[in-house]
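Taking the hints into account, I'd like the entire structure generated from these sequences.
As a plain string of letters, each chain reads:
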Amino acid sequence: MKLSGAEILIRCLKDEGVEYLFGYPGGAVLNIYDALYQQDDIKHIMVRHEQAATHAADGYARATGKPGIVLVTSGPGVTNAITGIATAYMDSIPMVVITGQVSSAMIGSDAFQEVDAIGITRSCVKHNFLINDLFKLAETIKKAFHIAITGRPGPVVIDVPKDITNPDIKISYHYPDTIKIRSYRPVVNGHPAQIKLAVQMLLNANRPMIYTGGGVILGNASEELRKFVYGLGYPITSTLMGLGAFPASNDQFLGMLGMHGNYEANMAMHECDVLIAIGARFDDRVTGELIYFCPYAKIIHVDIDPSSISKNVTVDVPIVGDVSVVLKEMNQALDVSVARPDINMLKEWWITIDGWRSQKCMSYDKRGDSIKPQAVIELLHHITVGDAYVTSDVGQHQMWAAQYYGFDKPNRWINSGGLGTMGFGLPAAMGVQLAYPDETVVCVTGEGSIQMCIQELSTCLQYGLPIKVITLNNHYLGMVRQWQEFFYGNRYSHSYMESLPDFVKLTESYGHVGMHITDPLDLKPMMERAFAMKNRLVFMDIVTEQTENVYPMISNGKGHNEMHMSPHCELSQAWEGR
Amino acid sequence: MKRHIILLLIENEAGALSYVSGLFSARAYNIESLTVAPTEDPSLSRMTIVTTCTDYIMEKMSKQLNKLIDVVTLLELTNEPHIEREMRLIKVKFETIAQLNDVKLLTNIYSGNIIDVTSTTITIELTSSGDRLDAFIKSLAKHNILEIARSGISGIACGETSLHI
Chain W
1 MKLSGAEILI
11 RCLKDEGVEY
21 LFGYPGGAVL
31 NIYDALYQQD
41 DIKHIMVRHE
51 QAATHAADGY
61 ARATGKPGIV
71 LVTSGPGVTN
81 AITGIATAYM
91 DSIPMVVITG
101 QVSSAMIGSD
111 AFQEVDAIGI
121 TRSCVKHNFL
131 INDLFKLAET
141 IKKAFHIAIT
151 GRPGPVVIDV
161 PKDITNPDIK
171 ISYHYPDTIK
181 IRSYRPVVNG
191 HPAQIKLAVQ
201 MLLNANRPMI
211 YTGGGVILGN
221 ASEELRKFVY
231 GLGYPITSTL
241 MGLGAFPASN
251 DQFLGMLGMH
261 GNYEANMAMH
271 ECDVLIAIGA
281 RFDDRVTGEL
291 IYFCPYAKII
301 HVDIDPSSIS
311 KNVTVDVPIV
321 GDVSVVLKEM
331 NQALDVSVAR
341 PDINMLKEWW
351 ITIDGWRSQK
361 CMSYDKRGDS
371 IKPQAVIELL
381 HHITVGDAYV
391 TSDVGQHQMW
401 AAQYYGFDKP
411 NRWINSGGLG
421 TMGFGLPAAM
431 GVQLAYPDET
441 VVCVTGEGSI
451 QMCIQELSTC
461 LQYGLPIKVI
471 TLNNHYLGMV
481 RQWQEFFYGN
491 RYSHSYMESL
501 PDFVKLTESY
511 GHVGMHITDP
521 LDLKPMMERA
531 FAMKNRLVFM
541 DIVTEQTENV
551 YPMISNGKGH
561 NEMHMSPHCE
571 LSQAWEGR
Chain C
1 MKRHIILLLI
11 ENEAGALSYV
21 SGLFSARAYN
31 IESLTVAPTE
41 DPSLSRMTIV
51 TTCTDYIMEK
61 MSKQLNKLID
71 VVTLLELTNE
81 PHIEREMRLI
91 KVKFETIAQL
101 NDVKLLTNIY
111 SGNIIDVTST
121 TITIELTSSG
131 DRLDAFIKSL
141 AKHNILEIAR
151 SGISGIACGE
161 TSLHI
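If you read the sequences in order, they're chains W and C.
According to the numbering used here, the first sequence is numbered sequentially starting from 1.
According to the numbering used here, the second sequence is numbered sequentially starting from 1.
Any given hint might turn out to be false.
Under 10 Å between C-beta atoms, here's a sample of chain W residues computed to sit facing chain C [stated by the list, open to error]:
{"no.": "1", "residue": "Gly119"}
{"no.": "2", "residue": "Lys126"}
{"no.": "3", "residue": "His127"}
{"no.": "4", "residue": "Val156"}
{"no.": "5", "residue": "Asp305"}
{"no.": "6", "residue": "Ser310"}
The calculated label-pair distances, taken between Cβ atoms and stated as ranges, are [to be verified]:
{"no.": "7", "chain 1": "W", "residue 1": "Val504", "chain 2": "C", "residue 2": "Ser21", "range": "51 to 59 Å"}
{"no.": "8", "chain 1": "W", "residue 1": "Thr178", "chain 2": "C", "residue 2": "Ser25", "range": "30 to 38 Å"}
{"no.": "9", "chain 1": "W", "residue 1": "His174", "chain 2": "C", "residue 2": "Ser21", "range": "29 to 37 Å"}
{"no.": "10", "chain 1": "C", "residue 1": "Ser18", "chain 2": "W", "residue 2": "Ile171", "range": "26 to 34 Å"}
{"no.": "11", "chain 1": "C", "residue 1": "Asn66", "chain 2": "W", "residue 2": "Ile120", "range": "23 to 31 Å"}
{"no.": "12", "chain 1": "W", "residue 1": "Lys227", "chain 2": "C", "residue 2": "Thr73", "range": "31 to 39 Å"}
{"no.": "13", "chain 1": "C", "residue 1": "Ala157", "chain 2": "W", "residue 2": "Lys43", "range": "51 to 59 Å"}
{"no.": "14", "chain 1": "W", "residue 1": "Asp251", "chain 2": "C", "residue 2": "Ser18", "range": "50 to 58 Å"}
{"no.": "15", "chain 1": "W", "residue 1": "Asn561", "chain 2": "C", "residue 2": "Pro38", "range": "51 to 59 Å"}
{"no.": "16", "chain 1": "W", "residue 1": "Ser123", "chain 2": "C", "residue 2": "Thr96", "range": "50 to 58 Å"}
{"no.": "17", "chain 1": "W", "residue 1": "Ile181", "chain 2": "C", "residue 2": "Ser25", "range": "23 to 31 Å"}
{"no.": "18", "chain 1": "W", "residue 1": "Tyr436", "chain 2": "C", "residue 2": "Ser21", "range": "38 to 46 Å"}
{"no.": "19", "chain 1": "W", "residue 1": "Tyr436", "chain 2": "C", "residue 2": "Pro38", "range": "47 to 55 Å"}
{"no.": "20", "chain 1": "W", "residue 1": "Thr178", "chain 2": "C", "residue 2": "Thr73", "range": "16 to 24 Å"}
Don't read these hints as lab results, they were simulated from the structure.
A virtual CB, placed ideally from N, CA and C, is assigned to each residue, including glycine.
Pasting the structure below:
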């Protein structure tokens, strides 16, 4: 049977097992949309803005581990999608983005809705392709999927000129089962000698520390990680991106590390003598000032991307490989090793850590007439039994959700860590809810972030997505306000949110349920009522304490041991310059 | 800071070069010279990049270059005993036969080739190492050089070390 380019494209997606396509139609992709119309295998989700299509596909990918697929038109379709592509790129999320392009003969003529999609996306994709030959379409799509999901995952853009999808030109269809790219061969297995060395170092450590990142979740290595950590009995911390890979409720977990990390996690990083970083990339929000980073530690780094090794912090034992495979190899080495960790040293190390832990760095002032944002997240954990998929936007609410929800499972915490994209949360939640229609999906957001993609409430109605939106509304761009309080002499330049919409009316006009919650006494019953409405999207506009800050905090230029603590925790340090 | 020469074998495809140059421009690093041409296998291109940076930056850049999907393999030539060559085409204007003879003499001394002569100009081709080329240009200082075209550096490692798939 012969197929047109548009039909081939859809057929390839089907053969890749694609379930959902997130997109928005337009001139350059009309042929593809016509082919979509004539089939039932792939469900198309029509968003209200192309940015949301990319975030929704991204959320779907983060929750399922499968690539997210996007279809947008040329010109503004592409430029609107850029934010979402860059978001996925920074967090290494597998995504295939099909962009329409003007006809081959028109490229470069400043045609209507023409942009150089290949040029404009080059620096925020893992790779991109411009299709110039219909006969190469299927093979290129195979390559795009292969590149997106293997190695360090990432978004791949396929730019398809309109003439390629011409319904009148049909060719025979063949989709390759596998593909080999000579210039792209990601390393999977760790180097055996390096693994042996790492295991020896870990077993000889006096103050060991395990630091894990989003790579553990992307690499589906949560189970091997748990075996590794339980087997050694060592303390573990996680980056924002890695939360849930190891259960937060386990005693060995010291909480998140970094700028807004737990006191005990950051102190243990500072004092450890052997550090193993697994699927983490030593991001600046994690390390603090590099010259003060882990001053006493020998560092082992496991990562699939060789360019991540010694990029920011020089490591002693690099291991390039798939984290799941390397952890398995390490677990095997530990199983047969006669050497064991020094129990007495480890006990002493835990006593030190428990000392830091007793400072209760996450305590906050629960008194007062206003709702505390931290209490909302703790209550959310309680109501959802800690088992919800939680997406977030960017800012204070994101940090509180990360700090107070307590993720016990991987793929449940979905946020834009690398790029820090406001507007991510709601569309990402759509992707998650479509993947798991029966699960509770919550979008924790702020009154600033939610307005960046609020139009997606309309998409949620169209596809019946019962997302629970929790807006921590403090009338401020909270994180900006916090920095202005700490570092800019309380000059709150353009961080106050005036003229907010009536979120309840707004939500209702979109056909959903809205709640405005101001009284701490109403919080629990109203949230319970909201979560009892299983089939409705409920938007909870929760007015919270206006000037609450996120603690602990490491300021720019400071090390892990120089945190600014909440005034309400046991150890409240004087803040330099305050 | 040090001068580095990197050899790349890269897929001979549209866009491959922009990925390479993009890595440099995004970090505000300058490429001093870049030569690229298809190899005996026309699906591959060979690229010679010359840049000046610290060893630390060079190591990072090598990793980033290797990470590009289209880059098949890479060799940092400055770490190896190697030979580098550049070709320059130099056009000189003359007014007297004495001037022409002087340019011819210098060209002979430097083993250059005269590739074009008109009633007022002489064009010389010289392929050599950078130092020797600079010395030749210097020796022409009293003449009226109209234009110099530089090919950029091509390099190859000494001995059996070679860049291949």
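field: Outcome of range test on Cβ distance (Ile181/W, Ser25/C; 23 to 31 Å)
entry: holds, 25 Å
query: Range hint 50 to 58 Å: satisfied by the CB atoms of Asp251/W and Ser18/C?
result: holds, 51 Å
query: Holds or violated: is there a CB of chain C closer than 10 Å to the CB of Asp305/W?
result: With Cβ-Cβ at 7 Å, under 10 Å, it holds.
query: Between Val504/W and Ser21/C, does the C-beta distance stay in 51 to 59 Å?
result: holds, 53 Å
message: Just to be sure I understand the hint, the distance between the Cβ atoms of Tyr436/W and Ser21/C should be within 38 to 46 Å; is that true here?
response: holds, 43 Å
field: C-beta pair Ser123/W, Thr96/C: status relative to the range 50 to 58 Å that was hinted
entry: holds, 56 Å
message: Can you tell me whether the CB distance of Tyr436/W to Pro38/C sits inside 47 to 55 Å?
response: Holds, at about 50 Å.
message: Is the interface hint satisfied for Lys126/W? The criterion is a beta-carbon contact with chain C at less than 10 Å.
response: Lys126/W check passes; min Cβ-Cβ to chain C is 7 Å, inside 10 Å.
- request: Closer than 10 Å between Cβ atoms is the bar; does His127/W clear it against chain C? Give me holds or violated.
  value: Since chain C brings a Cβ to about 4 Å from His127/W, closer than 10 Å, the hint holds.
task: For Ala157/C and Lys43/W, compare the CB-CB distance with the range 51 to 59 Å and indicate the outcome.
output: Holds - the Cβ-Cβ distance for Ala157/C and Lys43/W, about 55 Å, lies within 51 to 59 Å.
- prompt: Is it true that His174/W and Ser21/C lie within 29 to 37 Å of each other by Cβ?
  reply: Since His174/W and Ser21/C have Cβ atoms about 35 Å apart, the given range 29 to 37 Å holds.
message: Looking only at beta-carbon atoms, does the pair Asn66/C, Ile120/W fall within the given range of 23 to 31 Å?
response: Since the Cβ atoms of Asn66/C and Ile120/W sit about 24 Å apart, the hinted range of 23 to 31 Å holds.
The structure shown violates none of the earlier numbered hints.
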